[in-house]
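One letter stands for each residue in the lines below.
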Amino acid sequence: MYVAVKGGETAIAHSLDLLADRRRGDRDIPEVTLEQIDAQLSLAVDRVMTEGSCYDRALAALAVKQARGDLFEAVFLLRAYRTTLPRFGHSRPIDTSRMVAERRISSTFKDIPGGQVLGPTFDYTHRLLDFSLMADGERPIAPTAPVDAAQELPRVGDILEREGMLEPPPPADSGAPTQDITRDPLAFPASRAVRLQNLARGDEGFLLALGYSTQRGYGNNHPFVGEVRYGSVPVAFVPEELGFAIEIAEIDVTECDMVNQFAGSHEVPPQFTRGYGLAFGHSERKAMSMALVDRALRAEELSEVVTSPAQDEEFVLAHSDSVEASGFVQHLKLPHYVDFQSELVVVRTLREEVEARRAKDASLSALGQAAE
Amino acid sequence: MPDTIADQGRDEGAYNYAYLDEQTKRMIRRAILKAVAVPGYQVPFGGREMPLPYGWGTGGIQITASIIGRDDTLKVIDQGADDTTNAVSIRRFFAKVAGVATTTRTEEATVIQTRHRVPETPLREGQILVFQVPIPEPLRMLEPRETETRTLHALSEYGVMQVSLYESIARHGRISKAYNYPVLVNGRYIMSPSPIPKFDNPKLDRNPALQLYGAGREKRIYAVPPHTPVKSLDFDDHPFEIERWTQCCDLCGSTESFLDEMIVDDEGTRRFICSDTDYCQERQEAQRLEAQSQKGERQ
Numbered sequence: 037m038y039v040a041v042k043g044g045e046t047a048i049a050h051s052l053d054l055l056a057d058r059r060r061g062d063r064d065i066p067e068v069t070l071e072q073i074d075a076q077l078s079l080a081v082d083r084v085m086t087e088g089s090c091y092d093r094a095l096a097a098l099a100v101k102q103a104r105g106d107l108f109e110a111v112f113l114l115r116a117y118r119t120t121l122p123r124f125g126h127s128r129p130i131d132t133s134r135m136v137a138e139r140r141i142s143s144t145f146k147d148i149p150g151g152q153v154l155g156p157t158f159d160y161t162h163r164l165l166d167f168s169l170m171a172d173g174e175r176p177i178a179p180t181a182p183v184d185a186a187q188e189l190p191r192v193g194d195i196l197e198r199e200g201m202l203e204p205p206p207p208a209d210s211g212a213p214t215q216d217i218t219r220d221p222l223a224f225p226a227s228r229a230v231r232l233q234n235l236a237r238g239d240e241g242f243l244l245a246l247g248y249s250t251q252r253g254y255g256n257n258h259p260f261v262g263e264v265r266y267g268s269v270p271v272a273f274v275p276e277e278l279g280f281a282i283e284i285a286e287i288d289v290t291e292c293d294m295v296n297q298f299a300g301s302h303e304v305p306p307q308f309t310r311g312y313g314l315a316f317g318h319s320e321r322k323a324m325s326m327a328l329v330d331r332a333l334r335a336e337e338l339s340e341v342v343t344s345p346a347q348d349e350e351f352v353l354a355h356s357d358s359v360e361a362s363g364f365v366q367h368l369k370l371p372h373y374v375d376f377q378s379e380l381v382v383v384r385t386l387r388e389e390v391e392a393r394r395a396k397d398a399s400l401s402a403l404g405q406a407a408e
Numbered sequence: 040m041p042d043t044i045a046d047q048g049r050d051e052g053a054y055n056y057a058y059l060d061e062q063t064k065r066m067i068r069r070a071i072l073k074a075v076a077v078p079g080y081q082v083p084f085g086g087r088e089m090p091l092p093y094g095w096g097t098g099g100i101q102i103t104a105s106i107i108g109r110d111d112t113l114k115v116i117d118q119g120a121d122d123t124t125n126a127v128s129i130r131r132f133f134a135k136v137a138g139v140a141t142t143t144r145t146e147e148a149t150v151i152q153t154r155h156r157v158p159e160t161p162l163r164e165g166q167i168l169v170f171q172v173p174i175p176e177p178l179r180m181l182e183p184r185e186t187e188t189r190t191l192h193a194l195s196e197y198g199v200m201q202v203s204l205y206e207s208i209a210r211h212g213r214i215s216k217a218y219n220y221p222v223l224v225n226g227r228y229i230m231s232p233s234p235i236p237k238f239d240n241p242k243l244d245r246n247p248a249l250q251l252y253g254a255g256r257e258k259r260i261y262a263v264p265p266h267t268p269v270k271s272l273d274f275d276d277h278p279f280e281i282e283r284w285t286q287c288c289d290l291c292g293s294t295e296s297f298l299d300e301m302i303v304d305d306e307g308t309r310r311f312i313c314s315d316t317d318y319c320q321e322r323q324e325a326q327r328l329e330a331q332s333q334k335g336e337r338q
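If you read the protein sequences in the order shown, they are chains A and B. In our numbering, each residue's number is its place in the first sequence (first place is 1) plus 36. In our numbering, each residue's number is its place in the second sequence (first place is 1) plus 39.
Hints are supplied without guarantee of correctness; some may be wrong.
[Stated by the list, open to error] Incomplete in silico selection of chain A near chain B, CB under 7 Å:
| hint | residue |
| --- | --- |
| 1 | Gly-173 |
| 2 | Val-374 |
| 3 | Gln-377 |
| 4 | Glu-379 |
Because the hints were derived from the structure by calculation, they are not lab data. Positions of the beta carbon are idealized from the N, C-alpha and C atoms, including for glycine.
Start from the sequences and build out the full structure, keeping to the hints where you can.
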């Protein structure tokens, strides 16, 4: 009789076996390899690295495979691994003007130093299912222009800034070491560095919706894409025992500089302001959404009235993390019999009281009628 | 892709004792000490991602991982029961990463991690009760902003909570809060006892065991040191009261314990059974022994 909650241990073991079995699927079909996921589902890998805050293509591919393609779950797997890694220190800030860009566009100027480079993009594809992908067969290798790795690509923002049209980048937080949100709890009000860290690992869908909401009037900040660029940048690190920087890696990033209208204030004449987005790999939607939300969150700093969700620091930063959100929403599946039982007892008591009151009222009014 | 995962030496054996690295444990222990020093105050801590999802008890797991030693005996309950799936899963986790002894017996345990219940068996000095907390801020549903609620705590500005309880009386004739019933700790901080039924609130008061509360997603730790007064909020004319059942436990006959209700057939027939499985089994065992000895005496 009393078996409903018994046998949890065996049930879990069987559930894990079943999950592993379903992950593998039909045994007649070859198992997908990490190399295939990395190469052919590379944008999934990019997203998992970005929101998992861990640049490791192999591990991200493993996470995607283990999670059966559920990217939220993959992000969680990578995060839970990342958090166990020891910290050697911080790399030097990457310099994206030294990027070897595969793609770089500006929507504010027709031509820019270094040129517009379309690169691989879905933007001008016609969204027609390509049935040729259903068939096997090699595909031709796309020709590319030779890359000039030595060429610096000045950022459009820097050019505007020299003219005074665009605010200088907000100063880094005064000398104090930058807080690390993976080590220290979030506190409000948050510095911009903390906000950007939070947004960088924030859920793409959440940031997309918030960014979109600013465009529809909930905290509009009149954005233009100053520049979106994607390519590889070197990462430098200063080992304590050497005292000078050495390059330790090359990573692919997508960067978005959003240029936004600003009316000016008593001290500052009208000029443009910035919103910034950065993501690992090729993730333009993420970088752009992040830039929109970053700018929206600067409302208070720029003396704008905070009226909309995207401008509300506590609302945005406390709800952006998909690992936290997914866990807490889904924990409702855990047993709550005790809480529910307490509620049952309370609601039953309240109902009995209402019934008793009604019965009393009814008998009183019956008495009244009889007396008339 | 240069290496396979195995080549890079990343395997399960690479994890530290009790999963968390020693630096992280030290940071969490510092937060715990601060929490014990200021009973009921929510101490922010650098919560880590755990290999279990947020909402599954990551705060409690981080506390347990930071305090558990090789000589400890761990008990894990969820909804009062040792054999609910999440309790099984967390117990398995610690048996795996810390190799500690586990038990289902409240008396044997040195560390008890719990979700939503306080054991019926009274705790003693030296035991530690670790609560899993979803929302540590008792004022959160009245004031969503952290900046505001921290100020309210700092100033002991708790009128908003009293008003909400009063509104409940005005609307329903009684305080309708059934679980996560707010308490005042040591006469200073209002605290969320985590979603335990209010039935368990009196057990928190002056309990000889140390109570630690961990909220992983919200990154807060708070504590009630042994023998600390914990008062459930109420009014003079509406004193705090706990749930009562007209039934007793179907298995052990207890009239003192928190009862879970089960629907056992399509007609909606109910059975009531102790939510605390260990308490219930101990009682059944005692009854069985007593019956045996009576039988022996008669013979």
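Against the structure, the hints:
| no. | hint | in the structure |
| --- | --- | --- |
| 1 | Gly-173 | violated (24 Å) |
| 2 | Val-374 | holds (5 Å) |
| 3 | Gln-377 | holds (6 Å) |
| 4 | Glu-379 | holds (5 Å) |
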